[in-house]
Structures are given as structure tokens and as C-alpha cells.
Amino acid sequence: MDHVLQVTELKKSFRGHLSIGVHHVLDGINLSVPKGVIYGFLGPNGAGKTTTIKILAGLLFPDAGEARIFGRSSTDRSVRRRIGFLPETPYFYDYLKGAELLAFMGRLYGLSPSQLSRRVPELLETVGLKGQGKLQLRKYSKGMLQRIGLAQALIHDPELVILDEPMSGLDPIGRREIRDLILSLKEQGKTVFFSSHILADAEMLCDQVAILVKGRVVQEGVLEVLLGSEVRFWDVTLGGLETFSPPPGCSVLTHRGGQVLVRVESEAILQALLDKARAEGASVRSVMPHKASLEDLFMAQIPGGGT
Amino acid sequence: MTPVAITPRLTLVQVYAIAKNTFKEAVRSRIFYILLAFAVCLLLFSFVMGLLAIGSLRRVILDMGLSTIAYFSAATAIFIGIGLIYKEVERKTIYNVLSKPLSRSSFILGRYLGIMTVLLVNLVAMTLVLAGVLASVGAFTARIFPAVGYIYLELMILSAVALFFSSVSSPVVSAICTVAFYLIGHTSSSIPSFLVPLVQSDFAKRALLLLYHLLPDLNLLDINNLVVHDIATAPGFAVRGVTYTLLMVAALLLASSLCFKRRDLV
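Chains R and S are the protein sequences, given in the same order.
Here the first sequence is numbered in this note's numbering, starting from 1 and rising by one per residue.
Here the second sequence is numbered in this note's numbering, starting from 308 and rising by one per residue.
Possibly wrong hints are sitting among the right ones.
List time: in silico BS3-like cross-link candidates among lysine-lysine, alpha-carbon distance up to 30 Å [to be verified]:
1) R/K97 x S/K394
2) R/K139 x S/K512
3) R/K11 x S/K327
4) S/K399 x R/K97
5) S/K327 x R/K134
6) R/K97 x S/K512
7) S/K399 x R/K214
8) S/K394 x S/K331
9) S/K394 x R/K142
10) S/K331 x R/K97
11) R/K142 x S/K327
12) R/K11 x S/K394
13) R/K134 x S/K399
14) R/K142 x S/K331
15) S/K399 x R/K142
16) S/K512 x S/K394
17) S/K327 x R/K139
18) S/K399 x R/K130
19) S/K331 x R/K130
20) R/K134 x S/K568
21) R/K134 x S/K331
22) S/K512 x S/K399
23) R/K11 x S/K568
24) R/K214 x S/K331
25) R/K130 x S/K327
26) R/K139 x S/K394
27) R/K186 x S/K399
28) R/K139 x S/K399
29) R/K11 x R/K139
Partner residues are not named here, just some residues of chain S that face chain R (Cβ under 8 Å, in silico) [said to hold, decoys possible]:
30) V311
31) N328
32) K394
33) Y402
34) R547
35) R569
Hints are computed from structural coordinates only; laboratory data are not their basis.
All C-beta atoms, glycine included, are put in the ideal place defined by N, C-alpha and C.
If we strip away everything but chain S, and leave its shape as in the complex, we get (with noise of 0.2 Å):
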């Protein structure tokens, strides 16, 4: 048997095939559906506190339907994302497939893949339940799945982090700190909105500003209110929201990359 050539066509079938082993990881444990049941059953329940609601239940559906597909992802996102690096560094299985012509920025990209394939399966199946449960009481809006399509791009960022944190320390560690870039995300965009115009100084005003910049804002990413209240995206939101995701990912990734290049397996 020759050889294969390391070509560009070697690398996508290898970080195919470690897409597809994360995949498989993911669906073969019973986390994974248990977290998915539980995420589905709130979903149903949100029904049920429409009713109760008397005279919002679209709103009351969508607002807690959007929520818990929302926090239930990044959980998944979470929970998969800590251990993707530091559970083969830990379990051994990492010897096998680095001791093969793969480089490891390809393991890294591979493993990334995966995750963002099981939560795109794991978002599919919360929209879908979502849209049923609208349909039924006739409350069935479109404008779910672009809303979808934003928690989507801030999974990508999430795991990107949860996979960069994995690839330096331990899962305890990963966890703390993804959550902890979780928080700041959502409550970053309070900087300009409500900090800044509390100071008289304008020094203190750039400071806060560009603290602002320095921090992740997830909330560039988040229309589940505007989809519950019913008002139109600003022009240029999309495109603002998918560059800042691309651009984000790009360098978490390219981190990780970086800190696994040249890390010793022990």
C-alpha cells in the first residue's frame, strides 16, 4: 500500500473523520439526550404557561421557547465543549490519532466541528419541537428560525472558547471560565447603553468604552426580544453579527491551534 500524499484533500477527509468521531462521541452518551429531554420538556411546558397567561400566549410561548432553546444549547455547548481537548489529553485516545499524519491544528478544527454538528442536530430538534408547539395554538411565526440562526452563531463563539480553555487546563477551569465569558457577553453591551453615560469624565467615559471593546458583547447576537415584541433588526445587524462570530472564531481557534502546537502529551 503507497503512501498517501499529505495534500489539502488528506486534511479534509482527516478533519472530517475526527468531525465525525466527535459526533459520534456526543450521541452515543446519554448526557446528550438527557439534556435534550429536559430541554424539550420546557419547551412543552412553556405551552402550558401560555394558557395561564391569558391574552400573551404567542408571547409567553416564544420568549420562554426562545430562552430555553438559548440556555440549553450553551450548556451543551459548555459541558461538550470543556472536555473536548482535555479528555483525550486525559483518557489517552489523543496518543493514537496524533500519532498519525495529522497535524494538530486539523484535531483542533476536527473537534470543532463535531461539537458545532451535534448542536446544530441538538438546535434542529429544540426548533422544530418549538414550532410545533407555536403551530398548535396558531401562533406559528417564521421569524423563530433567523432567531435560531443568532443563538447558532453564539454557540460557534461559545464553543470556540470552551475548546481554547480546553485545550490549556483542566474541565473545572474550562467551565468557570467559559461561563464566566458567558456572563460578560450578555452583560457587556451595559457599558455603553448605562455605565457610560452615568460618568462626567470624559477620560473615565474612554476608558469604559474601550473596556467595552475589549470585552466579548454576545448581545450583538441576540433578537429573542425583538422576535418576542415583534420589532424589525436594524439594517446591517446580520452582517455585523456573522462578521464579529467569523472573526471571534478565527482567533479562538487559531489560540488554541497555537497553545497545542508545541504542548508535550505526557
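Next up, chain R with everything else stripped away, as it sits in the complex (with noise of 0.2 Å):
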């Protein structure tokens, strides 16, 4: 498979203030990301995530290991030519207009003005932000800066966009504006990286996912692989049933009308339930299949998150 990125047993350590003690932020994290896919970077805070894609971005520098982008090594400016990103909360020169930042970020690229003035219009339209790139900066609001940092990571027209926390700071109509832009950069066909700790936003839109705990990456590969199709438990919706006791096995999760909802963790104690249910008079309302969420393996990867 032709992978964009691929991180071998990079390890990066800071030394305490004073220089006193060190404290081990990435020990030693592989990862593959292939082309045109979107992939989640996910973990806790403190995990190593906006560190490792400082790595990726030329901020730092690694102890041990490497990190190289398409082919070559992150530390090689040249490759920063097809990469763009987005910063962990994005701090702009806010003395700047947004169409000016826009401008100048184009030009550290080598875009011509006149590529700027069909780039700049376009982009600010694309992230929701048409009308106000004449605004400055210091009068965007969290959400509006956060677009604007999306739109000079899209300036050059990157074949790899690496984000970090590209939802932190959004309501849940920008996140979803995100989630859609991060969709549609897809279907281009260009190859999504981006860190998150929203599990519903990673959830939807990755392909692939790589959990990062404690500077080790515990969990990588294809979503729908790690999460598997088998199904943990069913909730089941009763309806006209004044009492009800279910058959051992099931349990009880609320009573309340005459309606009952019954969680059941396996299909033959599902079926004797049903069969009771309508021995009983009852009317089954609903019957709803519960497949293991990204959350609940993340939460199993997570010390202590399982309980």
C-alpha cells in the first residue's frame, strides 16, 4: 500500500524546568497512514498527540526515531511543500485581516498574486468565513479563527492536511461543518490526519484510527476492523405491560407506563424474551442491536477507563 506517512519508534523526551528530571512524552510510537484516507490520531489529554505532530510538522525534534512524509524525512522543509496544517488552537497575527492572512500564508509557499486572488475568495467561501475576510483577526470570534486556521492550511492545495484538534472550540453546527469539509477533502482525494480526543467526530469520519496513550500508540488500524461486527448487547422497547418479569438473563433498565425497555447480551435469551413478551399480551416497540463503539475501545485502552 502507498503510505503517506509512516512515524518508526519515534521518541521524544522534555527536560523539567531547571533542566531537572525528564519526562518521556513519545516512547518509541509507529504509524502508516495511506494515501486518501482519513485517519484519527486519538488518545487522552497528555498522550503525545500535539507532540508527535509537531514532529510531523518540522517544530521539533525528534530523540530517536524518524517520521517521514512521503518519503522523506519530516525535518526536510521540501516536504512541507504538500503538507498543510493546522495547529492545536490556531494563534494568528491578529493585526492582520483574515484575506491578509490568507495572502501571507500563500506566499511563504510561493503562490503568485494572481493565483492569491482567485485562492483567497474561494477558500474563505469554502470555510463559511465569505464576507468577512476583511475583518481583523483580533475581532474573529473562537470559531471563526479556528476556520480561518483550516482555510491557510488549504491555501496550497496540500496532497496531505494534518490537523490537530481541527473540532476544539466549535459548536456543534461548526463541527459539523468540519466534519463535512474533512469529508469532502476526501473525496478530492487527499490523505486526512488529524488528532482529536471527540470520539463521535473520529467515529464518523475515519477510516482509519490509531489510539496513543501514555506516548505508545496501543490500538492502530482500519475502524470497522478494531471495532468488529458482532453485536454486545440489544435494548428492547415493550409497550402495554402493566408488570412484567423478564426471563433470568435480561435486565430491567426502566419501567414506566406501561412501557418497559429490557437490555439482553444474548440472542437466545433475546428470542426467549420476545417469545414472553408476546405470550404476555405485549407489543415489541423496538429491538436495538448495540455494536462495540469507538468509545468503548478506547475506554478499554484507557488505564482505569473500563470501569
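Please dock the two separately framed chains into a single complex, following the hints provided.
Next up, the structure:
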């Protein structure tokens, strides 16, 4: 498979104040990101996600191991021509206007003024900031800053887009717009590598994920394979029952106004429950199968997360 | 869109973009105008002082005017210079810039050229005011232009010093070190002219001269007194001043780049 990004045994540590003590942030991580996928880089706070991303962006230097992007070292500045990068909580020159920022960033990629005169309005529209380009960034809201951050990451139409917590600070509408934008990038054939701790968003978007815990990758692979297709339990809603004693192996979650919500953990018990309900004249209102979610997978990897 | 190849032309475009942004940053901040307005007020005040000093109007205006320009430009250079790199790191604005195909040396050079453009505009504005004041009393002399040129050479060194300290330490430490450099630079010339004749021992004389050569000498670039008293500069003064400045600036920018090249931007 054609990989755009490969990380091998990457290690990074930082010295404490006055150079006392060493804090190991990355403890030999390995990642492989194939071309054209949406790749979620997940982990709790302090797991080392931002440190990894900063190494990919050339802002930090690894102690050991290497990160290769398009076959070249991440420290080679020529690879950055093909990468778009959005840092976590982007900070911009607040004295610049939105359009000025995009033009400035575009110039750093070598875009000509004529290319920028087309690209800047186009991108402002794409990220939902049409008409806001002449406003100074100090007057932008947090959500607007996140959008202009995304726009500057896309100014040169990169092949690989690296986003550090792109949904952070956005309201539900903003999150949905960013999700749609990430999906449209994939449709254009781009590879998107993003970190997040919002698992619902990651589950909706990602083809592949890696879960990072305390500087180590504890799970990596295709999301569907990692989650599996097995149903873990069913939630059954029964109606028209004033009293109901479920068969053994079922647990009643709620019983209100003649409606009972029962959780069943095996298919055999589910059948027994449905038979008994019909025999007692109850109506079956819903049977909801539950597969493992990304949250289940994530929590299972975190020490103490499964409790 | 095909990625642009990394060529010297791209580097020039990037350095220009960084310099232009640095210029915008300065001219869109209030403090720049406050410093400039204060300097202009002092220049106008030199006219009043000149009127009070009967018979030496031209000398007082020239002396006070050139000193005001030199001190305010130096203050602006130090004030802006000490935050040039540190503030970018502190405010995390640098993450966006250095994640682009831009070398850290180009970033340093762009920031430096940006501040030098700001200081040039500042200097031109103050020089025009001084020229206007001198012309209004019929005492205009074109020698203020070379004097201001030498002030600019000094600012080139001072900004490079501030930039160097900004790339390795906080603004407070950078300010202290840059001001110390400025003060040493304006007093070191007294070592060969004043201290050396006072000592008897040859060893002490050599040691003092060695110390003098190790320290910066900004008086090599100061012709304000010569202009005020209408004295010509010695032959070769300009060549020596320009060479000294260029060597100092090149060494300081190189040192800044080396310090910044492998620095982790946490």
C-alpha cells in the first residue's frame, strides 16, 4: 500500500524546569498512514498527540526514530510544500485581516499574487467566512479563528492535511461543517491526519485510527476491523405491560407508564424475551442492537477507563 | 496546484513576506506612533531651546536634534527587536509560519529586514522634521544626512543584537543585554583614548587594548559631534564604519540562526 506518512520508533522527551528530571512524552511510536484516507489520531490529554504532530510539522525534533512524509524526513522542509497544517488552538497575527493572513501564508508557499487573488475568496467561502476577509483577526470569534486556520492550511491545495484538534472550540454547527469539509477533502483524494478527543466525530469520519496512551500506540488499524461486527447487546422496548417479570439473563433498565426497556446480552435470551412478551400480550416497539463503539474501544485502552 | 520548488527565488519571496509582515506588525501598533510622536515633539522643542541659546541656535538645534533621533531610534530598535522572535514563540504564531516550507534562517532574516524597514521609515520621518526645523531658521545643512546614515548603521547593529538575544532569551533579559551592549559600545572607545595612557605596564596596556578589540565600539559610527561642530570626518571613516557594521550584523544574524536552527518550539 502507498503510505504518505510513516512514523518509526519515534521518541521524544522534555527536560523539566532547571533541567531537572526528564519527561518521556513519546516512547517509540509507530504509525502508517495510507494515501487517501481519513486517519484519526486519538488519545487522552497528555498522551503525546500534539508532540507527534509538532514533529511532523517540523516544529520539534525527535530524540530517536523518524517520521517520514512522502518518503522524506519530516525535518526536510521540501516535504512541507505538500502538507497543510492546522495547529491546536491556532494563534494568528491579530493585526492582520482574514484575507491578509491567507495571502501571507500563501506567499510562504510561493503562490503568486494572481493565484492568491483567486484562491483567497474561494477558500473564505469554503470555510464559511465569505464577507469576513476584511475583518481584523482580533475581532474573530474562536470558531472563526478555527475556520481561518483551516483555510490557511488548505491555501496551497496540499496532498496531506494535518489537523491538531480541528473541532476544538466549535459549536455543533461548526463541528458539522468541519466534518463535511474533511469528508470533501477525502473526496478530492487528499489524505487527512487529525488528532481529536471527540470520539463521536472521529467515529463518523475515520477510515483508520491509532490510539495513543502515555506515549505509546496501543491500537492502530482500520476502524471497522478494530470495532468488529459482533453485536454486544440489544436494548428492547416493550409496550402495554403494567407488570412484567423478564426471563433470567435480562436486566430491566426502566419501567414507566406500561413501557419497559430491557437489556439483553445474548441472542438466545433475546428470543426467550420476545416469546414471553408476545405470550403476555405486549407489543414489541423496538429492538436495538449495539455494536462496540469507538468509545468502548478507546476506554478499554485507557488504564481505569473500562471501569 | 503543483507545489512550488524550493529555489532561491522562493526563499526571496518568503523573506520578503516575513519582512513585510514584521513591518505591518510595527506600524499597526500604537506604541510605534507614540514613540515617533514623542520624538517629533522633542525635535520641535530643540527649536525652542535654540531660540533661548542666543547666538548658537544652529548648534543647539543640530546637537539636540541628532541626539533625539539617535536615542529614540535606538529605543525603538531595542523595544521592537527584543520581542522579534520571543513573542512569536510565546504567542505561538510561529507554529503557523515555520510549518511552511520556510527555513528558520529565512525567518530570522525576514524579521530583521522588517525591523530595519520600520526603523528606516522612523528615521526618515524624524530627519524630515529636523531638516524642516533647521530650514525654518535658515540653518539647514546637508551634513545631517550622513549623520543620520551613521545612526542607521548603528541601528543595524543594535537590532541584530536585540534579535540575537530575542532568539535565545526572554524580552527582559534581552532588553538588559541589548542596553548593556549599547552602553558598552558607546564607552569602550575611552579604553584606548583614556585608560591606556594612564597605565604604566606594557602588559596592562596590551590587555586593555585586547579588551577594547573584543568589545563593540559604536563610536566608530558616531559623527554627530563632528557635524555639530562642522568638522570633517577622517578619510576612510565611512568605509571602516560600513565594513564594521556589515561584519557585526552578519556575525550576529549567523549566531541567531544557529541558536534557532535546532530549537524545539514547544
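Quick rundown of the hints versus the structure:
Straight-line distance between C-alpha atoms of R/K97 and S/K394 comes to about 19 Å, which keeps the hinted pair within the 30 Å bound. Our distance criterion of 30 Å between C-alpha atoms is broken by R/K139 and S/K512, whose separation comes to about 62 Å. Of the pairs offered as hints, the one joining R/K11 and S/K327 is violated, with about 38 Å between alpha carbons and a cut-off of 30 Å exceeded. Using a Cα cut-off of 30 Å, the hinted pair S/K399 and R/K97 holds, with the two alpha carbons roughly 18 Å apart.
Distance hint between S/K327 and R/K134 is fulfilled; the C-alpha atoms sit about 18 Å from each other, no more than 30 Å. Our distance criterion of 30 Å between C-alpha atoms is broken by R/K97 and S/K512, whose separation comes to about 59 Å. Of the pairs offered as hints, the one joining S/K399 and R/K214 holds, with about 25 Å between alpha carbons and a cut-off of 30 Å not exceeded. As the CA atoms of S/K394 and S/K331 are separated by approximately 15 Å, the hinted pair is consistent with the 30 Å bound.
For the proposed pair S/K394 and R/K142, the alpha carbon gap of about 21 Å is at most 30 Å, so the pair holds. In summary, the hint linking S/K331 to R/K97 is supported, as the alpha carbons are separated by about 11 Å, within the 30 Å threshold. Taking the CA atoms of R/K142 and S/K327, the gap is about 26 Å. The hint holds against a cut of 30 Å. As the CA atoms of R/K11 and S/K394 are separated by approximately 28 Å, the hinted pair is consistent with the 30 Å bound.
Between R/K134 and S/K399 the alpha-carbon distance is near 23 Å, which keeps this suggested pair within the 30 Å criterion. Distance hint between R/K142 and S/K331 is fulfilled; the C-alpha atoms sit about 23 Å from each other, no more than 30 Å. Between the alpha carbons of S/K399 and R/K142 the distance comes to roughly 15 Å, so the proposed pair stays at or under 30 Å and holds. Using a Cα cut-off of 30 Å, the hinted pair S/K512 and S/K394 is violated, with the two alpha carbons roughly 43 Å apart.
For the proposed pair S/K327 and R/K139, the alpha carbon gap of about 22 Å is at most 30 Å, so the pair holds. Distance check on the hinted pair: S/K399 and R/K130 sit about 26 Å apart at the alpha-carbon level, within 30 Å; holds. As the CA atoms of S/K331 and R/K130 are separated by approximately 24 Å, the hinted pair is consistent with the 30 Å bound. For the hint linking R/K134 to S/K568, the alpha-carbon distance of about 35 Å lies beyond 30 Å, and the restraint is violated.
Under the criterion of a C-alpha separation no larger than 30 Å, the hint pairing R/K134 with S/K331 is consistent with the structure, at around 15 Å. Under the criterion of a C-alpha separation no larger than 30 Å, the hint pairing S/K512 with S/K399 is inconsistent with the structure, at around 50 Å. For a cut-off of 30 Å, the pair hint linking R/K11 to S/K568 stands: about 20 Å separates their Cα positions. Taken as a hint, the R/K214 and S/K331 pair is broken in the structure, with Cα atoms around 42 Å apart against an allowance of 30 Å.
Between R/K130 and S/K327 the alpha-carbon distance is near 25 Å, which keeps this suggested pair within the 30 Å criterion. For the hint pairing R/K139 with S/K394, the CA-to-CA distance comes to about 20 Å; that is within 30 Å, so the pair holds. A hinted pair counts as satisfied when its Cα atoms are at most 30 Å apart, and R/K186 with S/K399 qualifies at roughly 29 Å. Distance restraint check for R/K139 and S/K399: the Cα-Cα separation of roughly 18 Å lies within the 30 Å cut-off, and the hinted pair is therefore satisfied.
Our distance criterion of 30 Å between C-alpha atoms is broken by R/K11 and R/K139, whose separation comes to about 39 Å. The restraint placing S/V311 at the interface with chain R holds, with a minimum CB-CB distance near 3 Å, inside the 8 Å limit. For S/N328, the shortest C-beta to C-beta distance to chain R is roughly 6 Å, which falls under 8 Å, so the interface hint holds. Taken as an interface hint, S/K394 does not check out: its beta carbon lies about 10 Å from the nearest beta carbon of chain R, beyond 8 Å.
The beta carbon of S/Y402 is positioned within 8 Å of a beta carbon in chain R (closest approach about 4 Å), and the interface hint is therefore held. Checking S/R547 against chain R: minimum C-beta separation of about 38 Å lies over 8 Å; hint violated. For S/R569, the suggested interface contact is upheld, since its CB lies about 6 Å from the closest CB of chain R, less than 8 Å.
Hint violations for this structure: numbers 2, 3, 6, 16, 20, 22, 24, 29, 32, 34, all remaining hints satisfied.
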